[in-house]
Every structure is written in C-alpha cells, then in structure tokens.
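Enquirer: Spelled out, the chains give:
Number of protein chains: 2
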Amino acid sequence: MSAFAPHQADDAAVATIRTLSADVVSKANSGHPGTVLLLSPVLIVNAIFRTCSDEYMIADRTLIPYVPDSFVNANPKNSKWFNRDRFVLSNGHACVLQYVLLHLLGYKLSLDDLKAFRQLDSLTPGHPEAGHTDGIEVTTGPLGQGFANGVGLAIAQAHLGAVYNRDGFNLINNFTYVFTGDGCLMEGVASEAASLAGHLQLGNLVVIYDDNHISIDGDTAVAFTENVEQRFLSYGWQVLEVADGDRDLASIYTAIAEARKETSKPTIIRLRTTIGYGSKAQGTHGVHGAPLKADDIASLKSKFGFAPDQSFQVPQATYDLYAEFGKRGAALEAEWNTLLEAYGQKYPAEHAELTRRIAGELPAGWEKNLPVYKPTDAAQASRKLSEIVLTSIIPSLPELIGGSADLTGSNLTKVKQSVDFQHPSTGLGTYSGTYIRYGVREHGMGAIANGLHAYGGIIPFVATFLNFVSYASGAVRLSALTGHQVIWVATHDSIGLGEDGPTHQPVETAISLRATPNVAFWRPADGNETSAAYLVALKSKKTPSVLSLSRQNLPNLVGSSIESAARGGYVLSEVTNEDLTIVSSGSEVSIAVEAANKLNAEGIKTRVVSLPSWLTFDQQDQEYRLSVLRSGAPILSLEAASTAGWQKYSHEQWGLPAWGASGPYLQVYEKFGITGSNIAAVGKKVVDHYKKQGVPVISPLVKAFQL
Amino acid sequence: MSAFAPHQADDAAVATIRTLSADVVSKANSGHPGTVLLLSPVLIVNAIFRTCSDEYMIADRTLIPYVPDSFVNANPKNSKWFNRDRFVLSNGHACVLQYVLLHLLGYKLSLDDLKAFRQLDSLTPGHPEAGHTDGIEVTTGPLGQGFANGVGLAIAQAHLGAVYNRDGFNLINNFTYVFTGDGCLMEGVASEAASLAGHLQLGNLVVIYDDNHISIDGDTAVAFTENVEQRFLSYGWQVLEVADGDRDLASIYTAIAEARKETSKPTIIRLRTTIGYGSKAQGTHGVHGAPLKADDIASLKSKFGFAPDQSFQVPQATYDLYAEFGKRGAALEAEWNTLLEAYGQKYPAEHAELTRRIAGELPAGWEKNLPVYKPTDAAQASRKLSEIVLTSIIPSLPELIGGSADLTGSNLTKVKQSVDFQHPSTGLGTYSGTYIRYGVREHGMGAIANGLHAYGGIIPFVATFLNFVSYASGAVRLSALTGHQVIWVATHDSIGLGEDGPTHQPVETAISLRATPNVAFWRPADGNETSAAYLVALKSKKTPSVLSLSRQNLPNLVGSSIESAARGGYVLSEVTNEDLTIVSSGSEVSIAVEAANKLNAEGIKTRVVSLPSWLTFDQQDQEYRLSVLRSGAPILSLEAASTAGWQKYSHEQWGLPAWGASGPYLQVYEKFGITGSNIAAVGKKVVDHYKKQGVPVISPLVKAFQL
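In order, the protein sequences belong to chains A and B.
For the first sequence, full-length UniProt numbering gives the first residue as 1, with consecutive numbering after it.
For the second sequence, full-length UniProt numbering gives the first residue as 1, with consecutive numbering after it.
Hints listed in this document are in silico derivations from the structure and should not be mistaken for laboratory results.
Please note: incorrect hints may appear among the correct ones.
In silico DSBU-like pairs for lysine-lysine, Cα to Cα no more than 35 Å straight-line [unchecked claim]:
| no. | chain 1 | residue 1 | chain 2 | residue 2 |
| --- | --- | --- | --- | --- |
| 1 | A | 671 | A | 648 |
| 2 | A | 542 | A | 108 |
| 3 | B | 648 | A | 671 |
| 4 | A | 703 | B | 671 |
| 5 | B | 542 | A | 685 |
| 6 | A | 80 | A | 539 |
| 7 | B | 293 | B | 115 |
| 8 | B | 684 | A | 692 |
| 9 | B | 605 | A | 648 |
| 10 | B | 671 | A | 648 |
| 11 | A | 605 | B | 703 |
| 12 | A | 605 | B | 648 |
| 13 | A | 691 | B | 692 |
| 14 | A | 671 | B | 541 |
| 15 | A | 703 | B | 598 |
| 16 | B | 703 | B | 598 |
| 17 | A | 671 | B | 115 |
| 18 | B | 648 | A | 685 |
| 19 | B | 692 | A | 684 |
| 20 | A | 648 | B | 598 |
| 21 | B | 542 | B | 346 |
| 22 | B | 108 | B | 303 |
| 23 | A | 703 | B | 703 |
| 24 | B | 703 | A | 685 |
| 25 | B | 303 | B | 27 |
| 26 | A | 703 | B | 648 |
| 27 | B | 77 | A | 671 |
| 28 | B | 692 | A | 703 |
| 29 | A | 648 | B | 542 |
| 30 | B | 703 | A | 691 |
| 31 | A | 598 | B | 648 |
| 32 | B | 685 | A | 692 |
Chain A stretches covered by chain B per the calculated footprint, using a threshold of three residues with CB under 8 Å from any CB of chain B [what the hints assert, rightly or not]:
| no. | region |
| --- | --- |
| 33 | 501–507 |
| 34 | 632–646 |
The structure displayed is predicted, hence computed values, not measured ones.
Note that the Cβ used here is the ideal one computed from N, Cα and C, for glycine as well.
Can you make the complete structure from the sequences, with help from the hints?
Expert: This is the structure we're talking about:
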C-alpha cells in the first residue's frame, strides 16, 4: 500500500468535491433539489473512499486512528471485480456526489460526462442507473429502495462467503455501505428491510444516515420526529452517532471502524450534518429546493481556496490522492485473483461452480431436469407444478436463492432439501442456507431481491400471492428498469382462489405488470407451460419474471409443449378456415378448450391459442405471430381478470367486469360467466356479430407501424 | 346505564364466541387458516365490547376496576351513528371473530349469515368488506391496511373534534380501536402510519396487538425478532403489555383504561396469547393453517361447557349480555342527538356545516368557484392549475383535508390559507388544521386517507409524483374496492418531468390505475379539463380519483370546456368526413392538435378527441361515445406512456416503447417522437395503411357484446 497523502490533500479533496458538485448542478440548471444537500455528507465520503495507511493529523489537529486498510476495496479499472465493497447511494437524488466521486476515483466517467449531468443520453442521468454508468451498483432515486438493495447485497455476501470461503481462502468478504437520508428512512420498504437485516444479524452492512433535519417539506419536525436510533436498536442494529458530521473526521473514522468490528449486527451511523454546509444559506430549507446562486457558488469557492470565477476545478493533488484508491484497488484485485487461482487448485469443484456463477452462466444441461407432462397426467395447481419444477432444478442450480413473504406453505416455494438462510446462532439455519424467510414484507422482499441479483452469482426467486406483488410495485419496476433477473412466484392468481374474496383476487395486476417494460409476466396453463415459464425466466439474464400461478387444479392440455410455450404464445388447438379463435392464458385456457369443443361440435370451427407471456410472444418474428393470431376470423380473448390490454391481441374480450367475489371457486367462475358453456355462447355472439358486420376480419397484429 | 351481568355471563360469552367461531369455519370448510387464530384474542374482544358499569369479580376472583362506561360506544341498530367508537380488525383473515361479534351484538347479521361464511354473495365474505356488511368500518385482509386506516380514523376524530366541539358540546370524541397481529406489524405501510401517528400524538387511538408468536411460516422467530415495544416507543407511542392474554381479564381491562387515559400518545397493548387457545393443538403452528378437526371442536365445546355434538349454540344469557351493549348504545346515540340539537340552537352555522358534512353533501353552488379558462389565457402546468382549483374551492369546502408525501412544493397542494394539522404542542399547527404533512410515506398516506374517508365528513386529497402512487397500490386498490372518495394529486406525470429521468417517469402507472375497477384516472389537458376533473372527482362520492398532472406548461385549448371534459371524453376539434382521428390525453393533447393542424393544412382531414378519463367516458351512453370515437376513419392514440389499453379506443397507438430518459423535457419528447411533426408523419402512415387495406374502418367501440 502506498503512502498516504497529508491532511491538506484531504481538505483540498473535500473542497473539490463540494465545489465541483456545485458546478455540475449549476451547469445542468434543471432546478432539481439536491445540490447543496450533497455538500453535507462529503466529509464521510472522502473518509471512506480515500486510502489511509497510517495515523495522521487532520486540519484541527485531531489524531486520526490508524486504519490498516481504506474502508472501501474497489478497483475503478474493473468496477465488476467480484469481491469489491458495494456502495449504495440510497438517496439517489444526491447522485452528483456519486458521479463526482466516480470521476475522481478513476471510473469511466470524464469531466465532460459531469458537465453533461441530466442531459439527454449522457452517462450522468438525473438519478443513478446501474448498468448505465460505470461503478453504480444499483439504481436509486425512488426512496427506500437503495436501503433495501443494500440489505440484499449484504445477504448475498454472507451467503456466498458461507458457501465458498475456506480456511485460508477468505474469497468473499466485502462490506456493503449504504448512504441514506431521512426520506429513505420514512419509507416502509426500508423499515421492512431494516427489520429483516437486524433479524439476520448482517454484520457486513454499514448504513450512514445523513441526518440534516431537512426534507422537501421543510424541517423534519413537521413529520418525522421518531427516535431513529431507538427504532434501529429495536431491530437489533448497532447504532453509532457522529455529532459533527460536517467537520469531525476523526469521529467519522472511528465510527466506521466500530461498525466494521461488529460482526453480528448491521450498523447505522447517525451523522448530524448541516444542509448546505459552506453555502450562505446553510442549515435552511431554502438550500434544498434549488441550485445555488452564482454568487453563493463563488463565495463557496473562495471559502474553500478555489478561484471564485472558475468552474470544474480539480487540483492535481486531489486526483493524486484518489489515484491511490485505484492503485490499491488494482493491487487488491490482483491479490484476489491469485487467491482464487490457488483456491481452484485446492477446491476445483467449488472453484468451477463459483466462477460459473460469477460469470452468470447456467450449468450445461440444467434444463433437462424440467418436468414434461402428457395430457393423461393428473391435473394439478400450477403453484404445485411450480414446486415440482423447483424441486427438480434446485439441486443443479445453487444460485437459486428463494423465499416467501410468510406464505411458504401456500406459495409452495420451499423444497424439501433446502435449508433456511439464518444466522447460525439461531439454530434455525445457516448462512449457507438458500431459503429466506422474508416475513410479511413484500416490498422489502422485492427490493432485497434486486440487491441479491445486483451482487452477482445469485438468481433470486421470491413469492407471495399475485395480488400482493402490487405491494412491491416500486421494487418490481426497478428490477425491470435495471434488468434484475428476479423471479416472482405469484400464486393464487385469480378468482380461482375462491373464498378469500375480492380483497385477494387480482384484477388489474396482470396488465399492470404486462405494461411494465421488460417484465415477463407468465401465466402458464398447465405443466408444460409452467416448465416453459421457468425455462425462459432462467435464461433471461436481464429480465424479471412474474409467474402467475393458480391455487386450483389445472388439467394438462392436449397440444401444449415446453417448446411451444417458450415462444410466449402458440396455437394449442388448430382448425382450418376457422370461424373463431379463442386466445387465453393460465387457468382459463382449459375453459377455452372446453368452449371450443362445444363450438366445434356445433359446426362453428374454433381454434384455441394459449398466450402465457405477452413479452415473449412480442419478441417472436412477425410471421410467426401472425400465424398464431391470424386474419380471417374474429379472435376472442378470455382471462379471469381485467380485459384491459387484451385488445392488442383480440377483437373481443371476455373477463371480469369489475371485482371478484368470495365463494367456492367454481361458483365464482360461474358467476362471471367463465365456463365452457357460457364462453361457447359468447363465441357464437362474436361469430354472428362479425358475420353481420360483413367486413373482412383483419388480425389485430396487422398495424400501420411498429412503435 | 343498565346493570352489568355477572362474571359467569362473561365466561359463557367468551366460550360462545370461541365455539361459534369454530363452527362457522368448520361449516365453510374452505380450509382457510385463521380459525383458531381467532380463539386467542377473544377475551379482549369481550372485554371491550361488553358493558360494565361497576366493579365486579371475574372467574379467578380478581377485582375488575370500576369502568364508568363500556369501552366501546356504538349502536348496533344504527351502525352509522357518527360519534361511535370505531373498531378495525386489521388482521382481516380473522373476520369470523368480527362476524360472530356483530351477530351477538345485534348488528344486521343473522345466525344464517354466519352459516353462509365464505359462500357466494353472502354477507360474510372471506375478508371483511366495508359497505357490504353492517358494522364493518373498513375493508381489511391485505395486511397492514387496517392499522393505517385506524390512524386515519383517529386523525379524523381529532380534526373534527377540534373544529366542531365547543364547551359543553363534546360532540365528537370517539376512540378508535385496532386489532392487529404480527403480519400487519411487519408491513411497511403499518410502520409508516405508526410513525406518523406517534408524531401526531393521537391519544384517541388504541391498538391491540395479538402477539401469539405464530405466523404462516411458523414461529415468528424465523423472521420477526425485532423488539416491537421498543419500536413503538421510538415512534412516541405508549406501550402496555398483558402477559396472559388468554385468561387475565383484569389486566386487559386495566390496560385499556390506561390507554384511554393517555391523551397525547397513541397506545399499543401487547397481548401475549396462545394460538388456538382451548384447542388440542394450542400454541402450535398446526392450528394456524387449517380448520379444527371435528373431534377437536367437540372437545373444545365440552371444555367450555357446551354440548359437544351441537353446532351454532348461543345461550340466551350471552344474547342478553350483549343486548346491554345495544341498549346502552341506543341510549348514547339518543343523548348525542339531543346534544346535537342543542348545539344547533347555540351554533347554527357550525351545526349546519357539520350535519351537511355528515350527510356527505357538498354545499350548494360550490362548483361555481371552479376556474374557467379561455384559449388566450397563459399556458400553465396542470399541477399549477390544480393549485388554482384548490385555492378557489377550499374556502367553501372545509371537508377537503389535504396533504403530500413530502412533495408539497412540487405537488402544489398547500394553499395559502391552510394550516397544518399538527398537535398544538408542536407550535407547527393545530388539530383543526386541514393540511397533513405525511412525510415520505406514500403507502401509509393512501391507507390513512381511506381511514379519513371511512370516518365520514371528510374528503381527503393526497399527493405525490404519479410514479410513486404505485408505492401505494395496495391502498388505492382498497379505496376503489370499498368506494373511498380519495383524490390523488399525482404530479410530474410523464417524461415531461424531464431531467429526473426514467426512475421517476411513469410508463405503466396510467394503465394500472385505469384497469383498477372504480378508479377514475384523470389526465387533464388544460385549465378547463383540470376544473372538470375536480368537478367529477368531488361529485363522485364512492370513487377514488387520481389526477395525473404535468410539471410542464400546457396551453389552454380551443374547444375545451368544463362541461365537455366532465363527460370523460369529447371532440376537441371537429371536421367532417375525416381521414383520421387522433385521440389523446393530458399534456399530449396540444401535440395532437399541432399534428392535426399540420395534417389539415396538407389536406388530410383530421379531428382531435380529448379523453381525460376512461372511466367517466365509459359511463356515457353508447350513442355519445360512438359520436366521439366514430367509425369511418382510423383512430390514432397518443400518450407519453405505455400504449397498453389504448387499443380499446383506437386502431393504432403511439406512445413510449419502453422507459423514458433523463434530459430537458422537450428533448425527451423529441427522442420519443412525441412532437407535432412526427405525429403528423405517423398520422399519414396510418391513413395510408387503412386506405391500402381497403376495408371499411369500424369504431373500436362497436362490439359483439358488452361485458
């Protein structure tokens, strides 16, 4: 490790971050709050990112304790080094701070990129987007998400460390640092994740809480007066405090060191700071809502020893200081690669598995374990079919880390061989366990799963009733935006759940998920389609999937196959010169078949299309799609949900007019006319209507343009 | 007040509730968990509902302290008496308990209704539905919601009491009791609401926590090990505990009395109970998941002194005991009505306003205050237009209780004259204030608003960015299912928010809300349409509305009017024998007009339809709808969001192919082709396509059947 820079370099670095941030926001001139918000936590950012190999004096002559390593291990030249420490900016609106740091540390972000902050197609969008900007671990901005992602990142480390580390081979031992403000801590998703993190005793998680007492509505006194320390103590966290987060670097160092020492509790460090520290309006609400005025920026620069009339100034000493971080990180990665190689000599099987998982590759031939069904096989609920798939594939896919929001017995997500992921001291499981008991915390679960996937080497699956996936909408949306391969096992997916009634029966959920870009919403109709859903979901490395599964038994269909269903939509039952096509999904496909059989018996030629996944179907070529949903006869859609959106694939739509009902499920289906005989009657009306209309019927897929 | 029954009657009543609940679930035979769950908190239910006018001895000879009133004031013969105490069963899956109680107390629920538990179209659905079953205050089942509804009910009492009570006229002084289990307390929505309730010092709120240590996944030790007492202390609650909630009636009484004495803090009483108390499997996970077996029910009945082989037994003594509750409630209501009349003599204006609000009537002529615009009026953001509406109507509508999830300055929801709803001790406002600082707690806000509306006399409006309404999906869904008139002011509703980027730009939100039955999603295009949205939202007493509003300025359109827009959709710009109709909403309508002008100038006759609210448009008669979206020429939809669902109203759809982008908003619009010139070009393609197709173009509203 190279020698550390003297304290003057730190002071200059902190001043650089402060003035550079002000310039970046000023240039963007988009009026977004957050500029000066950034200024307060700068000191700690510097503290955790700069290297420090010996004790030294800071400006006020306080002795900094010896820190053998810098707090963050990472290599800016390879932001994907697996054992890097993860840094999450949960208050993503403060991303200027992160962008400035990434630039100074040597990530792929130039001064010009900083100048393009919040400009179209720049690398510096208004909120940090993982996969878009080098060095950003998770997408943040929607409050509370980053905090929960951090819990997922920490679980991932704990798990993979427990599975792969060996004596002398401490391969996976990184920390996760999360920055948070008041906003994230008010959000329920963060509360859920914090409670679980405490339960799981995640000693590898360090949260730094920028307590500046100001939110958009003004002083936090207007809405947020709880005792945050006490709340985190109640969750089982270690709570530390730094009274002067603006200036007291020594206490910041000490607190972080303390946090790292506590190995069986996550830590939150409450950092009392002054919003807009250094600006004329520091400590007031005014600095939250708008960029600093020009004269304030000039005064800020003067105060910190910079030329007041120049912008984007970075002293070479600051680049040099942060260059140490990169040198150290590169050396650490090289050491780690050597260690990994030696590990491969001693533990070839573990090495092969770990490196395969890090590369994000599935083991060859895994899909051969997917169950295949014949029509004569017994009818089963698709939640049960999902359990059979999981039981079949989990032995060859250790990267599948599952869990349910306290509905394990209903979602059928825990296979017999799996062990709970629990702190070993509980006697309930181990950190090498692959089944997470999320508790009744759907939103936290979804956001934690994003963190699990962001870590790498893990494909998380999570479970609840389909209706309650909407509790986690905020997290699902970010799975989709960032491309996290999270698989939702969403059971009890329609009125077919019966007696629980309309509070639990999804109506709008399917279309909501289908309309979210990059969400693969699957509603399999039988055993083969359930296998197909898992097949595509597991192969889609950048796509979250929601598997919408029934509580009630479904027959195995004549005409279904994994191969066909994996195209997202296919002709289940073909006739030539049809009078009608019925297109359906999931538990209603067998009802469509029943209706078609009745109609065919009466001479009304009816074919049936199964459309388990719109996203996947839309990805097929136009010729194939038009062969499935072809012109020439009307197409009637059938699904026990809102008909919204089905107009894209059909001329006429049958579904729920509004809410479901509580009762034995067959009676509920009958109430809403979702029976073979009623759909046959509806089908006749459709055929008659289009005959009377006397206009050639064109497929709804034939369009003037493709968007 | 009538004399109290001796303790034997209590014992018998408790036993009746226990055995009757077991019979109800057994008859329903739907295998739903929750039967025996109910058995544990029965004692406290009896304690709070039965009357008790003097001290007396319970079975174990403990002296019960004197309680001057029973704990719950309510009149089963008029479940809507305004000053009744509110009782919320947040763990709604335990609704058998509530149904049994409502029956015994004399609400409109017969023994036959109990026998029809979870049967189709019965008054006893699988989870309690307000508006469906007499005496149910709020719909529960989705966990955490009832807890937060309770906070809303308590805020409503505190507010209306502060506004209308006078010396000697303590008209509005009820308590709110909430039952909760572990599940609700794990949910983020409950955490959010609990934190706010503590901040607001709601001394009128009493939460009873059935701590039975069992959830569906087994012992709570697997996922829920936080210190709940400490957490609620951190929120500023009073925390009480009853160690033996199965048997210690005296402590239960004492705790409730203590809770009621604390006037400046909400109280949570932790009641340690045994799941399945009285059954053979008490205290085990097994009793959570399934109905009791027949022999266990028989043994339970024997143990409690009932005939083991008979079902649905209610001793007359139990009916008699609970009849006291009804007599007392009727007397209390009569007293209250007398008090209200006297109040009317002394405070006629307040009386008139209060009774108007209780009746749910708007004041005559309020809508005359809605602003009307001419095309020459300056362009403004629709969030600003919303603020102008609020400023205009709030003086005449004291029932409008608003608030924002910490985005007040962005949502523009606080009008100048409004005062914060805060505990007076804070110096930040008063309980008579009408503006609630929700903090960054969208889900809690939505659920609290449901409680505010459930109380009566209040029309709540709440605010956040449209994208974050989805954080509150669980609450919005229940607004819609129950018919709570909650108005969401959802600003920054598209890529038009610009620089904040895709993390904040809604894509799927609009269709998700449009597909939710009974949600009126409004996307007004200008000033008149914004006024229309408020007009319809305020007149729709049983419908939640989401007003989707722009950050950017919108011109006032030629052809718009409040009257037309209030029909949900109308022809903004008419031509005869058109070649094309463009249908659009909100901020894209003026772009559609620009495109139409270009096309008309080129001889392609183009009309423009504005469709601000699908729900409202769908409620118009078919003739009107077909006059707006008529056959004869193709219809192209335009909206800066997912095109999903627009196929119902158009032949071709232009919108966002996936996510938005961060940048100045006009550049973002340009990137996605949402400009007058590009839409004109797209319009030409559409016209050409349908000409080439050579098939008569039929309105998408012409259908074979109406669902």
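Enquirer: Against this structure, judge whether each hint is valid.
Expert: Status of the hints after comparison with the structure:
no., hint, in the structure
1, A:671 to A:648, "26 Å, holds"
2, A:542 to A:108, "22 Å, holds"
3, B:648 to A:671, "25 Å, holds"
4, A:703 to B:671, "22 Å, holds"
5, B:542 to A:685, "34 Å, holds"
6, A:80 to A:539, "21 Å, holds"
7, B:293 to B:115, "18 Å, holds"
8, B:684 to A:692, "30 Å, holds"
9, B:605 to A:648, "26 Å, holds"
10, B:671 to A:648, "25 Å, holds"
11, A:605 to B:703, "21 Å, holds"
12, A:605 to B:648, "26 Å, holds"
13, A:691 to B:692, "22 Å, holds"
14, A:671 to B:541, "27 Å, holds"
15, A:703 to B:598, "23 Å, holds"
16, B:703 to B:598, "32 Å, holds"
17, A:671 to B:115, "21 Å, holds"
18, B:648 to A:685, "19 Å, holds"
19, B:692 to A:684, "30 Å, holds"
20, A:648 to B:598, "29 Å, holds"
21, B:542 to B:346, "33 Å, holds"
22, B:108 to B:303, "30 Å, holds"
23, A:703 to B:703, "20 Å, holds"
24, B:703 to A:685, "10 Å, holds"
25, B:303 to B:27, "20 Å, holds"
26, A:703 to B:648, "15 Å, holds"
27, B:77 to A:671, "32 Å, holds"
28, B:692 to A:703, "12 Å, holds"
29, A:648 to B:542, "31 Å, holds"
30, B:703 to A:691, "13 Å, holds"
31, A:598 to B:648, "29 Å, holds"
32, B:685 to A:692, "29 Å, holds"
33, 501–507, "holds (count 5)"
34, 632–646, "holds (count 5)"
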